[in-house]
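J.: Residues per chain are reported as follows:
Number of protein chains: 2
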Amino acid sequence: MRVAGIVAEYNPFHNGHLYHLNRTRELCSADYVVCVMSGNFIQRGEPAIVNKWARAKMALLSGADLVLELPVVYAMASAEFFAWGAVKILDSIGVVDNICFGSECGEVAPLEAVADILAFEPDLYKELLREKIGMGISYPSAREEALKQYCSQTMHTFDAASIEEIIGSPNNILGIEYIKALKKLNSKIKPVTVKRICNSYNSEELTGAISSATSIRKHIYETIDSKNGCIDVENHEFLPETSFNILAEEFQNQRGPVSYNNFSDILLSIIRKMTLEELKDVPYVSEGLENRIKDAANNSGSFDGLLDKITTKRYTGTRIKRSLFSILAGIKKSDFEWFNANGGPQYIRVLGFNENGKQILAHAKKTSQLPIIVKAASFKNSDNPLIRRMLEIESAATDMYVLGYRNPEFKKAGQEFTQNVIRV
Amino acid sequence: MRVAGIVAEYNPFHNGHLYHLNRTRELCSADYVVCVMSGNFIQRGEPAIVNKWARAKMALLSGADLVLELPVVYAMASAEFFAWGAVKILDSIGVVDNICFGSECGEVAPLEAVADILAFEPDLYKELLREKIGMGISYPSAREEALKQYCSQTMHTFDAASIEEIIGSPNNILGIEYIKALKKLNSKIKPVTVKRICNSYNSEELTGAISSATSIRKHIYETIDSKNGCIDVENHEFLPETSFNILAEEFQNQRGPVSYNNFSDILLSIIRKMTLEELKDVPYVSEGLENRIKDAANNSGSFDGLLDKITTKRYTGTRIKRSLFSILAGIKKSDFEWFNANGGPQYIRVLGFNENGKQILAHAKKTSQLPIIVKAASFKNSDNPLIRRMLEIESAATDMYVLGYRNPEFKKAGQEFTQNVIRV
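Quick mapping for you: the protein sequence lines, in order, are chains A and B.
Each residue of the first sequence is one higher than the one before, counting from 1 in our numbering.
Each residue of the second sequence is one higher than the one before, counting from 425 in our numbering.
Same shape as in the complex, but just chain A:
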């Protein structure tokens, strides 16, 4: 039994994802594919376009066998913690042989070399990093500069130009983080990478059958008919038919497309009501950022205005959005630190599976180092306070997410515990 693992957001599941899924099977000679997927909020600090159950179904209908949830605490974290949380889940389930991720460079070796430096942080590197951070630039830029200088000073295999190329690409960065997490966990899982085809991750323009998720979301927001919930049906070559049908059903039910704009008033009201002390306890809020957030909420009338007023060279828009949606979801810095100090994800939450996935689960019952949750309601009153709190946060996040729907019928709270696992 060979099992490959994938970490994904499927926001929404498109042809590029399908290509990656099929290549994963080939490259890993995998009989089974397990996906760890973000839930209702994603790594760029935004609500997903449709809910996690719909997205899990898309993945299952396109060939994934088992979809597990990356808890929102990690799904909305920096690349480092996002990757660590996801890899921890793949590692803990005890049946995964490979992790297969897309990357711009298409080779594991260079990513591994960088991961080594980042995982074990030699003193010189640490010193260089501190120095760069002190210059007031963002953390990703500081890391890039420190790595470049470290490699040139230690006569490392890489020169500055190669480093720049490697870590200047978002999927390479995630790949490095997956490898780093594997190293830190001393995992037996072997990394494999698929070279990304065509467009770049952040491209805003549709580019035919393989288009970026960003461009697809943009297309959906721009062409959706708010009355009947239809998107432009003539043009959906970038989505598998199954994904398109699921999206169409969600939109017709007015359970999407969910956008951060749907939360403008809610976020403004919540932040205006929060004290500076409470804002300090939000992930990624430090060095007085609470004051900027508070002032911005008072002086803005929209989400874009809010974001614009907080973002600086040092605090990127993505980082700020993670803080803002952590506020919405009710995630506290103290929660995040508590989980990190206790091994990260506290359970393996199943969002959906097919017949193959059922077999993986049967096997995983014997191998998993973390409890496997199929029915969330059964763990609501767990004896383990870490599990309880992690699930409570997940549920609170969903109770906020559903307020982004237009149909009042679907805005009810508690869906975290009433929605059944998806079986296809």
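Keep in mind that the hints were calculated from the coordinates and are not lab data.
Be a bit skeptical, because a hint or two may be false.
Stated by the list, open to error - The calculated BS3-like cross-link candidates involving lysine-lysine, where the alpha carbons are at most 25 Å apart (straight line), are:
| # | chain 1 | residue 1 | chain 2 | residue 2 |
| --- | --- | --- | --- | --- |
| 1 | B | 612 | A | 273 |
| 2 | A | 375 | B | 718 |
| 3 | A | 294 | B | 737 |
| 4 | A | 273 | B | 756 |
| 5 | A | 332 | B | 697 |
| 6 | B | 619 | B | 550 |
| 7 | A | 412 | B | 697 |
| 8 | B | 799 | A | 273 |
| 9 | A | 294 | B | 642 |
| 10 | A | 333 | B | 697 |
| 11 | B | 757 | A | 273 |
| 12 | A | 412 | B | 550 |
| 13 | A | 366 | A | 380 |
| 14 | A | 309 | B | 836 |
| 15 | B | 608 | A | 294 |
| 16 | A | 273 | B | 737 |
| 17 | A | 273 | B | 718 |
| 18 | B | 804 | A | 273 |
| 19 | B | 836 | A | 280 |
| 20 | B | 697 | A | 380 |
| 21 | B | 697 | A | 375 |
| 22 | B | 804 | A | 332 |
| 23 | A | 280 | B | 697 |
| 24 | B | 737 | B | 550 |
| 25 | B | 836 | A | 273 |
| 26 | A | 280 | B | 756 |
| 27 | B | 704 | A | 332 |
| 28 | A | 294 | B | 804 |
| 29 | A | 380 | B | 718 |
| 30 | A | 412 | B | 608 |
| 31 | A | 412 | B | 607 |
| 32 | A | 294 | B | 756 |
| 33 | A | 412 | A | 380 |
Said to hold, decoys possible - To list a few chain A residues with every Cβ distance to chain B over 12 Å, as calculated:
| # | residue |
| --- | --- |
| 34 | 15 |
| 35 | 105 |
| 36 | 125 |
| 37 | 144 |
| 38 | 207 |
| 39 | 225 |
All C-beta atoms in this analysis are idealised placements derived from N, C-alpha and C, irrespective of residue type, glycine included.
Model the placement of chain B on the given structure of chain A, informed by the hints.
T.: Frame of chain A; chain B shown alone:
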């Protein structure tokens, strides 16, 4: 210098209000008219259709000389505390000779007789009231029953039928409460009443030149063109031209019409985030109502759904709405009790005045028992914690109210302190 006082909401200022204002001048032989007006939230537990500055301007342009604000803590209270707060302000300013209110019965004497019972609560009445409340009916119904029985048992001037007629009408009830408050304050202000003409207070149907505020608001919500903010211009015979123009300007700027529906998602998100302990500290929440509110917020997707799930025979819709919008405004039961234990309103806040009003203010400087606030910002850091907190609540309420506008430009917080007093 003869000064008449009026308590009003002017939501919006219509021809019935104009009639009342003119009759007040006649009946009281008044040289000046002072209005105490609700701010951005009104007594039926809802946001006002347009903000308090626009409404103050309407009143001033229709002949009011000075418009004072009834603090939101009292503006959204039960008839008893609403009246007490307003009368306290009129009494404290020290220049008002009469209070003139509309009533269904049109005579002061019968209202005064009932006010006597309610103000001094004879033991028998108190006992009857307790008994009726114990039967699980709403407080207003219990009071009506207790009064009827008290009058019949004590061979009072009134029989049950007269009592029913007197206290079965909302404006009579308010009149009784004004008189009761005057008695409790031992005020020198004399009550005067204008018999209401035409329609009833709660009528939903427009009835020509004199139409109820309820029917006018309904007409506005139904006919407004959400694109250009215009209401049906052919039909506004029920509003003075000045009121119409102010409304039109507010709507064109998308600063209204504000409706409770604009706060559905905000309220659902806030209540879902609140603990039961916090909900217990909301005005008018008692006897486990916090559980009903919490459950309803979890199981509803709209304001109407929320209200519907909480309302019972005992807890009327109006009472529930007061609690819900107190949550939005951030008013706590403990604040309310603290103010009540310390004389009620802590200041006299001026929303607007004309030349006559300026003279009243000059005079009031010598007579007022409470500080007069013309510039709210100057009192933000008052030494008196009661003043500070009352103003803080007012500002927080406005910071939430403006989120009900559609135009992001006008949603900024802090308008409580930046908006100038209205001078006409």
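J.: Take the hints in turn and mark each one as holding or not.
T.: Quick rundown of the hints versus the structure:
Our distance criterion of 25 Å between C-alpha atoms is broken by residue 612/B and residue 273/A, whose separation comes to about 41 Å. Taken as a hint, the residue 375/A and residue 718/B pair is honoured in the structure, with Cα atoms around 24 Å apart against an allowance of 25 Å. For the given pair, residue 294/A sits about 41 Å from residue 737/B by alpha-carbon distance, which is inconsistent with the 25 Å threshold. Between residue 273/A and residue 756/B, the direct Cα distance comes to roughly 13 Å. Compliance with the 25 Å bound is thereby established for this hinted pair.
For the proposed pair residue 332/A and residue 697/B, the alpha carbon gap of about 13 Å is at most 25 Å, so the pair holds. The suggested pairing of residue 619/B with residue 550/B is violated, with an alpha-carbon distance near 30 Å, which exceeds 25 Å. Straight-line distance between C-alpha atoms of residue 412/A and residue 697/B comes to about 14 Å, which keeps the hinted pair within the 25 Å bound. Distance restraint check for residue 799/B and residue 273/A: the Cα-Cα separation of roughly 24 Å lies within the 25 Å cut-off, and the hinted pair is therefore satisfied.
Taken as a hint, the residue 294/A and residue 642/B pair is broken in the structure, with Cα atoms around 36 Å apart against an allowance of 25 Å. At most 25 Å may separate the alpha-carbon atoms for a hinted pair to count; residue 333/A and residue 697/B meet this at roughly 17 Å. Pair hint residue 757/B plus residue 273/A holds up; C-alpha atoms about 17 Å apart against a cutoff of 25 Å. For a cut-off of 25 Å, the pair hint linking residue 412/A to residue 550/B is broken: about 43 Å separates their Cα positions.
Under the criterion of a C-alpha separation no larger than 25 Å, the hint pairing residue 366/A with residue 380/A is consistent with the structure, at around 23 Å. Simply put, residue 309/A and residue 836/B have alpha-carbon atoms about 13 Å apart, close enough for the 25 Å limit, and the pair holds. Only pairs whose Cα atoms come within 25 Å are accepted, and residue 608/B paired with residue 294/A is rejected, the gap being roughly 43 Å. For the given pair, residue 273/A sits about 32 Å from residue 737/B by alpha-carbon distance, which is inconsistent with the 25 Å threshold.
A C-alpha spacing of about 19 Å is found between residue 273/A and residue 718/B, which places the hinted pair at or below 25 Å, so the restraint holds. In summary, the hint linking residue 804/B to residue 273/A is supported, as the alpha carbons are separated by about 18 Å, within the 25 Å threshold. Simply put, residue 836/B and residue 280/A have alpha-carbon atoms about 22 Å apart, close enough for the 25 Å limit, and the pair holds. A hinted pair counts as satisfied when its Cα atoms are at most 25 Å apart, and residue 697/B with residue 380/A qualifies at roughly 18 Å.
Restraint check for residue 697/B and residue 375/A: the C-alpha separation of about 24 Å stays at or below 25 Å, so the hint holds. At most 25 Å may separate the alpha-carbon atoms for a hinted pair to count; residue 804/B and residue 332/A exceed this at roughly 31 Å. For the hint linking residue 280/A to residue 697/B, the alpha-carbon distance of about 18 Å falls within 25 Å, and the restraint holds. Straight-line distance between C-alpha atoms of residue 737/B and residue 550/B comes to about 22 Å, which keeps the hinted pair within the 25 Å bound.
The suggested pairing of residue 836/B with residue 273/A holds, with an alpha-carbon distance near 14 Å, which does not exceed 25 Å. Proposed proximity of residue 280/A and residue 756/B is supported: the alpha carbons are some 24 Å apart, at most 25 Å. Between the alpha carbons of residue 704/B and residue 332/A the distance comes to roughly 24 Å, so the proposed pair stays at or under 25 Å and holds. Simply put, residue 294/A and residue 804/B have alpha-carbon atoms about 18 Å apart, close enough for the 25 Å limit, and the pair holds.
A C-alpha spacing of about 18 Å is found between residue 380/A and residue 718/B, which places the hinted pair at or below 25 Å, so the restraint holds. This hinted pair does not check out: residue 412/A and residue 608/B have alpha carbons roughly 47 Å apart, beyond 25 Å. Proposed proximity of residue 412/A and residue 607/B is contradicted: the alpha carbons are some 49 Å apart, above 25 Å. Under the criterion of a C-alpha separation no larger than 25 Å, the hint pairing residue 294/A with residue 756/B is consistent with the structure, at around 22 Å.
Restraint check for residue 412/A and residue 380/A: the C-alpha separation of about 18 Å stays at or below 25 Å, so the hint holds. Residue placement check: residue 15/A keeps its beta carbon more than 12 Å from all beta carbons of chain B (closest about 34 Å). The claim that residue 105/A is not at the interface with chain B holds, since no C-beta of that chain comes within 12 Å of its own (minimum 42 Å). The claim that residue 125/A is not at the interface with chain B holds, since no C-beta of that chain comes within 12 Å of its own (minimum 42 Å).
A cut-off of 12 Å between C-beta atoms confirms that residue 144/A is not in contact with chain B; the least separation is 36 Å. With 12 Å as the threshold on Cβ separation, the claim that residue 207/A sits away from chain B holds: the shortest Cβ distance comes to roughly 33 Å. Consistency note on residue 225/A: stated as away from chain B, and its beta-carbon is indeed over 12 Å from all of that chain's, at 17 Å minimum.
Hints 1, 3, 6, 9, 12, 15, 16, 22, 30, 31 from the list above are not met by this structure, while the remaining hints are.
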